[in-house]
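Trainee: Each chain, written out:
Number of protein chains: 4
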Amino acid sequence: MRVGVLTGGGDCPGLNAVIRAVVRKGIEVHGWDFVGFRNGWNGPLTGDSRPLGLNDVEDILTRGGTILRSSRTNPYKVDGGVDKIKQVLADQGVDALIAIGGEDTLGVAKKLTDDGVGVVGVPKTIDNDLGATDYTFGFDTAVSIATEAIDRLHTTAESHHRALVVEVMGRHAGWIALHSGLAGGASVILVPEKHFNVDQVVSWVERRFEKEYAPIIVVAEGALPEGGEEKLLTGEKDAFGHVRLGGIGTWLADEIASRTGKESRAVVLGHVQRGGTPTAYDRVLATRFGLHAVDAVADGDFGVMVALKGTDIVRVKLSEATAELKTVPVERYEEAEVFFG
Amino acid sequence: MRVGVLTGGGDCPGLNAVIRAVVRKGIEVHGWDFVGFRNGWNGPLTGDSRPLGLNDVEDILTRGGTILRSSRTNPYKVDGGVDKIKQVLADQGVDALIAIGGEDTLGVAKKLTDDGVGVVGVPKTIDNDLGATDYTFGFDTAVSIATEAIDRLHTTAESHHRALVVEVMGRHAGWIALHSGLAGGASVILVPEKHFNVDQVVSWVERRFEKEYAPIIVVAEGALPEGGEEKLLTGEKDAFGHVRLGGIGTWLADEIASRTGKESRAVVLGHVQRGGTPTAYDRVLATRFGLHAVDAVADGDFGVMVALKGTDIVRVKLSEATAELKTVPVERYEEAEVFFG
Amino acid sequence: MRVGVLTGGGDCPGLNAVIRAVVRKGIEVHGWDFVGFRNGWNGPLTGDSRPLGLNDVEDILTRGGTILRSSRTNPYKVDGGVDKIKQVLADQGVDALIAIGGEDTLGVAKKLTDDGVGVVGVPKTIDNDLGATDYTFGFDTAVSIATEAIDRLHTTAESHHRALVVEVMGRHAGWIALHSGLAGGASVILVPEKHFNVDQVVSWVERRFEKEYAPIIVVAEGALPEGGEEKLLTGEKDAFGHVRLGGIGTWLADEIASRTGKESRAVVLGHVQRGGTPTAYDRVLATRFGLHAVDAVADGDFGVMVALKGTDIVRVKLSEATAELKTVPVERYEEAEVFFG
Amino acid sequence: MRVGVLTGGGDCPGLNAVIRAVVRKGIEVHGWDFVGFRNGWNGPLTGDSRPLGLNDVEDILTRGGTILRSSRTNPYKVDGGVDKIKQVLADQGVDALIAIGGEDTLGVAKKLTDDGVGVVGVPKTIDNDLGATDYTFGFDTAVSIATEAIDRLHTTAESHHRALVVEVMGRHAGWIALHSGLAGGASVILVPEKHFNVDQVVSWVERRFEKEYAPIIVVAEGALPEGGEEKLLTGEKDAFGHVRLGGIGTWLADEIASRTGKESRAVVLGHVQRGGTPTAYDRVLATRFGLHAVDAVADGDFGVMVALKGTDIVRVKLSEATAELKTVPVERYEEAEVFFG
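Residue numbers (UniProt numbering), protein chains in the order written: chain W, 1 to 341; chain R, 1 to 341; chain V, 1 to 341; chain P, 1 to 341.
Incorrect hints may have been included.
[Said to hold, decoys possible] Using 30 Å as the maximum straight-line C-alpha spacing, the simulated DSS-like pairs for lysine-lysine come out as follows:
hint, chain 1, residue 1, chain 2, residue 2
1, R, K84, P, K262
2, R, K194, W, K309
3, V, K111, V, K77
4, P, K326, V, K309
5, R, K262, P, K84
6, W, K211, P, K211
7, W, K309, R, K317
8, V, K309, R, K211
9, R, K309, W, K317
Please keep in mind that the hints were generated in silico from the structure rather than gathered at the bench.
Please work from the sequences and hints to get the whole structure.
Mentor: Next comes the structure, spelled out in structure tokens:
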């Protein structure tokens, strides 16, 4: 039995932990061979692969990123993509694939299974927005990094009587903002799921200043003010197209400053949130996902994704897994509001 | 409405986060008064209390330990203890209690409820051994600290061709050993749930050395060798009664050294695992527990404990909560064995 | 004897450690009284002060920011400022001042000494650009935070074949860029002291990609391209005047992307660098500065600043201390070039 | 030109950073070849070596330990050791050696230079006890790790009204205890340089409890009570000979408990202090040491060691470098006493 492994989409702490667990269990328990396809779906499309043995995965558990590199290539947008993949798998003698990735990567995995290729998926999304699993690895690391930054910003804010707006990842789902805001003791948390009222934000900020503390506003990159969508979405871009860098965080710091007369600054955490060594939580989750993905392959149970339900790793249909975005429910957001201001 | 809060048992990162959430929601949403009872059940026994207002909990989210301090006092082992508590609550006008603690503290909470005092429990155990909740706060922090130590020890072990035995907390349940061992890439993990065979441990250690790596053996303080129970349990104590300090970790390092001829050292992580600022994960969990404990009090739903089930906070009967110890299931342990050696 | 303490300028990890050491030694060894003036020189100008006793400084060693808060108020720009200060000191019975701050704060300290007020200075600059001391506290913390961010970004860059530009603090001196770039294994380090040649930067970046690694470019916020000064300095500001947020880092990422055809992203670390708990190094240095500042006051040795020379804390004249900016010497920068590309 | 590199003695964070800097500068600037000798002086004794190219040092900057591994082999205690080394160097065409190590390693380096082998030394001692340099790499990392542990222990101590004794490294010099104790806000610091009076320690501990705080006592492993030397030195060993594990820390916790009636616990940090990724400070220092060692070799300036003096890297004679142990001066220790109790 020869199994191919690939990682697709944005990188995420824990990818290497999955790869290590897959290779270790596949070899030690089942005696399989492994090939690592490089750069996401580009690997099986072009045949770009490397052998993956025990030595290759010895030292990678704690490393961020992915030793297989990644891409956003979609074989269904490439002419004859599926046939090319089938040919490469046949040429390299690969019997099954383990695809580690987010919505896009798993969407391809689903279609390929329908088209006769045996694929098991491992969910990966730093944003925690995949519906079929309680959590994915990478999310805890991102929340930890954002929380540590918020911890640091509190004292700066207070020493200077400043409002600090911290823009975190989350284009469509506010999980990182919600969790890091709760963990960091934010005075306001803003998420894409609920358009915010700037007057309300300003009143929380002023209430916070009145208590002799300085407000920290945690805002997801995809959060938007009520009625203010167009303004931001059509905002000027710099030469490199970075709307987001001067995006909602900076815009909001400006609004707060002009409405309260207090100094306000924005910090955009950016890529720091998704790199580096995974937290212990993410290493354990990624490792368990890898071990269970091997079980699914061993069972010939393709078209599924491993998922966390409570403390168990289960299998869910890939069709179900990618059906809808998991956003922050209104009750979770409202629960947090007790800490605002 | 006036609500009392107390923390009992061993300290645990996240206790202050619970207290903050309780006070914040109780005051902001319900307009309650709060008193903090000091030193666990000793507080309501003796009337040792302090007011708890919003200002008292402003700065405590990130702090380890508990601002209410703790003790292991059991009012059911004190003459007339329950009556004293009832009198103190009556004198101080306290209508309900929120008790944050482990098995012992919650056991008292259950009995007090049966005896007519309204108590809501919040589970706390760094060892993750309470059956009625998926996780408790403090566990993630302990695992993170142990994992960071293991990360550091790898390079020392390899530079010196040494075996390193890391003794972590877990007298009856091996959760910290299992998770930190998985996250830290341990070569062997030993837990109280399964008596280990020293020959087997030695063969994993030797296999690891053969690969040109150095073994890290993570051992829970309560793990025991097959047939070796008495030996360890009746072992000499130092003047201060610290059997554990020279406990299983040191014993095992000695065995490995004498059987393999390789240098072996033990590191006993000890109290470092339970102190200091909680991880983001634990802060969120502790905060949510606190918010939901207030809901239970508001509902007059006493004799329950808040618990994590998947991603939800639910309520379980205190009787159920303390019914049995949650140990590492055999399949979780066997799953990890693929990484041994 | 009654001594006033104040903190001026931008906040910096270690300010509280100085305050603690000053108060502790002043009270324990000399039996002095202390008043803390709030908000930098604004405190002695307006009389805004608080008593500072042992209890006030018990818990502050590890906290970032300053319990005395800060400002950039300059009493020499206030009508009758010096007389107001003298009056406040007389009214409050303050015999001497310990002023903790950077170039501006210490410049005022110098003038006040000339005008007859007894002041001892403690140097503080996160940028490490004060000439009369080997290092100041806060710098090590800033370098550590920037280095940790760079560590995290390496794996993201490599997983995606991207160039990542990390903009760190340093408007006039490139010390943070130099040290964090060396510590983080940057492929290019750019400092304000030497205008950079974009073609040269691009060739280092391309060389790095050729080695199958991804380049990290660390750039001080004040670094500028050769001949490109005006362009950046007259660049568009957003509504809030944040030129820097879309400053040199973003500009450079854009240039690299358009010239190499590789994805390039900028990360602006911003205020995260100056907040939060100080490193052990900074806590020790700040503590020693505080202890020696008390010695200077006890000796009646005013108009001086404490400074680090090798492993010793010495005193230097304030006039000398603020004479010139300490920039990165050309040989230190050239030494680092061996790691470029 | 072909240069050999080796690392001797106990491992220390930063060794790999030195190796990387040496190889990078030697190749990029001078075009030299490098061989890495394995396991300290055992490498040139037996010819056990590996080539060291740019690729070998690409990824090692952040890694603790040493890719060349280490030993305590002393060729002057091996029959014909020096001749063997000369033969190996001749056989492998090695023109000069860079030896990274502590007192023992550098002592051999000195003798070999006297015996006609060109050696440049790089000082390494986690204990900071080498007289000829202000600091060595590894020390800052050890202090940071110990300080982080002390930070964590404060809240545990206070929650339980306990005294906690933290035993840190330092057999002959108390630098780690002094710096981590200052940085961690210890209530008592005990160093090998000054035998301590137990009554005095107990009175500091009691004073601390009276203030409603819990004492943290930081003790170097080599610290001893007045008149109590024999007792400890002849103390029972466990089967593995670990006197230290139940050493001064445990002994002192016992004394404190029995004399104050308060719970007291000991934590022995052990090997965790010397492993893992170096701090930014240590990476910069190690890197600069490596760069300057190459300069010395290029100048043919053998028999010297690179050293830190203030902010400069200088060269000192190896004879001078190993002349005497640098211990904590009495005035540095007394300065810290203001924080005791």
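Trainee: State for each hint whether it applies.
Mentor: Hints versus structure:
Taken as a hint, the K84/R and K262/P pair is honoured in the structure, with Cα atoms around 27 Å apart against an allowance of 30 Å. Among the hinted pairs, K194/R with K309/W is consistent with the structure: their alpha-carbon atoms are about 26 Å apart, no more than 30 Å. Restraint check for K111/V and K77/V: the C-alpha separation of about 12 Å stays at or below 30 Å, so the hint holds. Between K326/P and K309/V the CA atoms are separated by roughly 18 Å; this keeps the pair inside 30 Å, and the hint holds.
Restraint check: the Cα-Cα separation between K262/R and K84/P comes to about 27 Å, which is no more than 30 Å; the hinted pair holds. For the given pair, K211/W sits about 29 Å from K211/P by alpha-carbon distance, which is consistent with the 30 Å threshold. Distance check on the hinted pair: K309/W and K317/R sit about 22 Å apart at the alpha-carbon level, within 30 Å; holds. Distance hint between K309/V and K211/R is unfulfilled; the C-alpha atoms sit about 48 Å from each other, more than 30 Å.
At most 30 Å may separate the alpha-carbon atoms for a hinted pair to count; K309/R and K317/W meet this at roughly 22 Å.
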